[in-house]
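Asker: Here is what each chain is made of, one letter per residue.
2 protein chains.
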Amino acid sequence: MSSKRKVCIIGAGPCGMTALFHFDQISDPSTEVVCFEKSDTWLGLWNFTWMTGTDEFGELCHGGMYKHLWSNGPKEGLEYPDYTFDDHYGKAIPSFPPRRVLRDYMEGRLVKKSKSDLKRYIKWNTVVRYVTYNQKSDVFTVTAEDLKTGRTFENKFTHVIVATGIFNNPNKPTFDGIETFPGRTIHSHDFRDAAQFKGQRVLVVGASYSAEDVALQCLKFGAKSIVTSYRSKPMNFKWPSGIEERPLIKKIDGKMINFIDGSSAEVDSIILCTGYKYSFPCLEDNLRLVSTLSVYPAGLYKGSLWLNDGNRKLFYMGTQDQYFSFTMFDAQGLWICRYITGTLPNEPKNIEEMKKEEQKWVQRRKNVKDCHDDIDIQADFIKDLSDGTGYHPDAPNAVELFHKWEHDKMANIVTYRDQPFKSVFSGTMAAQHKPWFQDFDDSIDSFVN
Amino acid sequence: MSSKRKVCIIGAGPCGMTALFHFDQISDPSTEVVCFEKSDTWLGLWNFTWMTGTDEFGELCHGGMYKHLWSNGPKEGLEYPDYTFDDHYGKAIPSFPPRRVLRDYMEGRLVKKSKSDLKRYIKWNTVVRYVTYNQKSDVFTVTAEDLKTGRTFENKFTHVIVATGIFNNPNKPTFDGIETFPGRTIHSHDFRDAAQFKGQRVLVVGASYSAEDVALQCLKFGAKSIVTSYRSKPMNFKWPSGIEERPLIKKIDGKMINFIDGSSAEVDSIILCTGYKYSFPCLEDNLRLVSTLSVYPAGLYKGSLWLNDGNRKLFYMGTQDQYFSFTMFDAQGLWICRYITGTLPNEPKNIEEMKKEEQKWVQRRKNVKDCHDDIDIQADFIKDLSDGTGYHPDAPNAVELFHKWEHDKMANIVTYRDQPFKSVFSGTMAAQHKPWFQDFDDSIDSFVN
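One line per chain: the protein sequences are A and B, in this order.
Taking my numbering, the leading residue of the first sequence gets 371, the next gets one more, and so forth.
Taking my numbering, the leading residue of the second sequence gets 371, the next gets one more, and so forth.
Hints may be right or wrong, so weigh each one.
Here are the simulated BS3-like pairs of lysine-lysine, each with C-alpha atoms no more than 27 Å apart in a straight line [unchecked claim]:
| # | chain 1 | residue 1 | chain 2 | residue 2 |
| --- | --- | --- | --- | --- |
| 1 | B | Lys647 | A | Lys518 |
| 2 | B | Lys621 | A | Lys437 |
| 3 | A | Lys804 | A | Lys437 |
| 4 | A | Lys526 | B | Lys506 |
| 5 | B | Lys437 | A | Lys620 |
| 6 | A | Lys620 | B | Lys518 |
| 7 | B | Lys719 | A | Lys568 |
| 8 | A | Lys568 | B | Lys608 |
| 9 | B | Lys594 | A | Lys437 |
| 10 | B | Lys568 | A | Lys621 |
| 11 | B | Lys625 | A | Lys594 |
| 12 | B | Lys719 | B | Lys374 |
| 13 | B | Lys620 | A | Lys518 |
| 14 | B | Lys437 | A | Lys621 |
| 15 | B | Lys590 | A | Lys568 |
| 16 | A | Lys594 | B | Lys621 |
What the hints contain is simulated information worked out from the structure, not anything from laboratory work.
Isolated chain A (complex conformation) (with noise of 0.2 Å):
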């Protein structure tokens, strides 16, 4: 290969496109970068189509995204430390911004704060078949297919980024009698609009982030009432009425839905937010993250580099369950381009170093007792990605921010996003905001003036 190294990423969504800022940043003279995307457009799963299953291509449809969300957690808590909410949108705005407002604020991030087009360094509409590394010639080919023309191609690069997301795969448990229910069955993954189910019962399965957005989504939009339906613990939230909790489902029988507590309940349509197994099946065998969601996925040291076929040169972003999203990915993303580029003094060069270390946030991680436990080990994280990059040091400071959300929620979980944040980077106290559950328009210009 002409240049010494050949940088591989693979999606060009929120964690892709901050990889490749940090290289167009660094601006290394012997590193090529080549981003390939499936779709015609950056920052993944932040569209809205209106597609389910499959795109124009007949390729599974990448992204879960609905009408009508809004951020369920603090801005202040994604932030980039080198381009603010303030930078952006030129005044405080409210804590908790519907899609458009953070899809429009990483955009102008990427526009504004980039050296050169990074538009230049990505492959639109092209998907990538799949990924083998030879140990021999130490060089990964990625097989990938123009979608536009049909053309499967076959390049060589030293070093592979896969940044293509942990929710793409939905997770369908089955239930006794899901199939002859008579009512709309569908996973969150197929969550379009809550609208849809204005009038409708519905039954919500799971208790994690999308459980308890979809239910107060459907309520807002007119659903006539709501069960969910846990399966290891309830979510406890003190509930609006018209949403309740129930236990794991036992039995479909037509329209009635009976739980293992012995109640039931009858509805018209399930939505299945039981979340999303990872899947990276364009990878061989041994490239391939297999592990179960958390803060700290086994298997990567410095939650990015793969230890698992000891050749050190492919990396995941954002595989980790997500409280600083967009702050972790830029961390992350700065990280590996400094790795990569040969810029990191500190790192251990030797294999087992790095699998002890590893070893060391696996352990911790797996002795949580409750998510501030989990926001602990991610503040820590970012800030063991820091130590080395020169990442902005108060990145990890939005912990707090993130404790006081979660009791938030708790006390009210209706109102917690109307509640405001203060940024750690600007110090600016969020804007005040018409309370979101009486809030229908999720235009920026309404949400920003």
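Fit chain B to the supplied structure of chain A, relying on the hints for placement.
Answerer: Same frame as chain A, now just chain B:
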């Protein structure tokens, strides 16, 4: 390779299974056959699942089957000569059976007429990721993944039969305003139950089999009104009250659909019955059929043998626009099986002759005036396949049934399924049945007795 021939069949749907059936019948000792099937059951789209988008392994949901689907063609046009409906059900049954009745019939033949247990040839839950052909070694390499273990492996084959179907890649045109339409929008591939549209005003986009049937199903199951939209020409059936045809969509404005003739209609849901595109992503470029759907897609000798790469060891099944369906697959499966095992003495040795022959058919197809010409081509195609193989000579005679069937549809689109047809193999006249539009019981028991 140990045996003389090693054949890979991709897909255990109605096509793949008929190929497997004939290999089993011939039981050629120097031919080994393996079938890779993505799901855990055979007969492909004739199985129903509530799932849309992805299956339990995160693979694309292959089938677009919906509840309450009844055959839209007479069963006498898709019968197996060596196992008639009489043979399976032991009595005359009506001509237009619901899904379960057809699936049960196909399964009956696979179980009762095969020499050995066909399941022993099938690797279940195994998805083919990539197929390449090496000119030098004259061998195909098939890369597949065992979805249950996540293990990827490579196998070598002398021949490959692609039987993955043509109804898995939805064609998704876009329309101005579709992203902001406030109701539900799906492609018919994700249509699972007409009852979900009860009481609604539905827009059905398209003017072919799916559009016709989805519109009728929605009306049958209580939709308030259905407007269909055609691109090139209307279906022109004598629609019952509640269904009307409009030309192409100009713009979607909220719930209001504006058509190019200046008319408009407010609707609650949009169902795109806009067909499918060929999709064979698991094949390398020069093995991949690229064509538009027709009764004789270009590039295939005898509608089956891939000519474009010149190796003549790759086969496609069921890529034709279908009238005779199962019968055609069966004649085709037998021809492929005989061709591979070298028991067709009269086939041309020369690829140029094959190409000339293929061009003759493609030219004839290009000159068709209407569906009746298409039906005649397909009957002659089955005759052409049968000549060398000794397939039942009466098979093409069902051509007359299809001509009558088209007339029945034009006469009355609601009652055409109530007409009885006579089997060309058994001579049995179909039984009469409760009118389809009033029959909501699609169980085998109700239909047969």
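Asker: Confirm or reject each hint.
Answerer: Going down the list of hints, with the structure as the test:
Of the supplied pair hints, the one linking B:Lys647 and A:Lys518 holds, its CA atoms being roughly 14 Å apart against a limit of 27 Å. About 20 Å separates the Cα atoms of B:Lys621 and A:Lys437, which keeps this hinted pair within 27 Å; it holds. Annotation: proposed proximity of A:Lys804 to A:Lys437 holds, straight-line Cα distance about 19 Å (limit 27 Å). Restraint check for A:Lys526 and B:Lys506: the C-alpha separation of about 24 Å stays at or below 27 Å, so the hint holds.
Between B:Lys437 and A:Lys620, the direct Cα distance comes to roughly 23 Å. Compliance with the 27 Å bound is thereby established for this hinted pair. Under the criterion of a C-alpha separation no larger than 27 Å, the hint pairing A:Lys620 with B:Lys518 is consistent with the structure, at around 25 Å. Only pairs whose Cα atoms come within 27 Å are accepted, and B:Lys719 paired with A:Lys568 is rejected, the gap being roughly 65 Å. Distance restraint check for A:Lys568 and B:Lys608: the Cα-Cα separation of roughly 35 Å exceeds the 27 Å cut-off, and the hinted pair is therefore not satisfied.
Proposed proximity of B:Lys594 and A:Lys437 is supported: the alpha carbons are some 26 Å apart, at most 27 Å. For the suggested pair B:Lys568 and A:Lys621, the alpha carbons sit about 25 Å apart, so the restraint of at most 27 Å is met. Of the pairs offered as hints, the one joining B:Lys625 and A:Lys594 holds, with about 22 Å between alpha carbons and a cut-off of 27 Å not exceeded. At most 27 Å may separate the alpha-carbon atoms for a hinted pair to count; B:Lys719 and B:Lys374 meet this at roughly 20 Å.
In summary, the hint linking B:Lys620 to A:Lys518 is supported, as the alpha carbons are separated by about 25 Å, within the 27 Å threshold. At most 27 Å may separate the alpha-carbon atoms for a hinted pair to count; B:Lys437 and A:Lys621 meet this at roughly 20 Å. For the hint linking B:Lys590 to A:Lys568, the alpha-carbon distance of about 23 Å falls within 27 Å, and the restraint holds. The hinted pair formed by A:Lys594 and B:Lys621 fails the criterion: a straight-line CA distance of about 32 Å is larger than 27 Å.
Checked against the numbered hints above, the structure breaks hints 7, 8, 16 and satisfies the rest.
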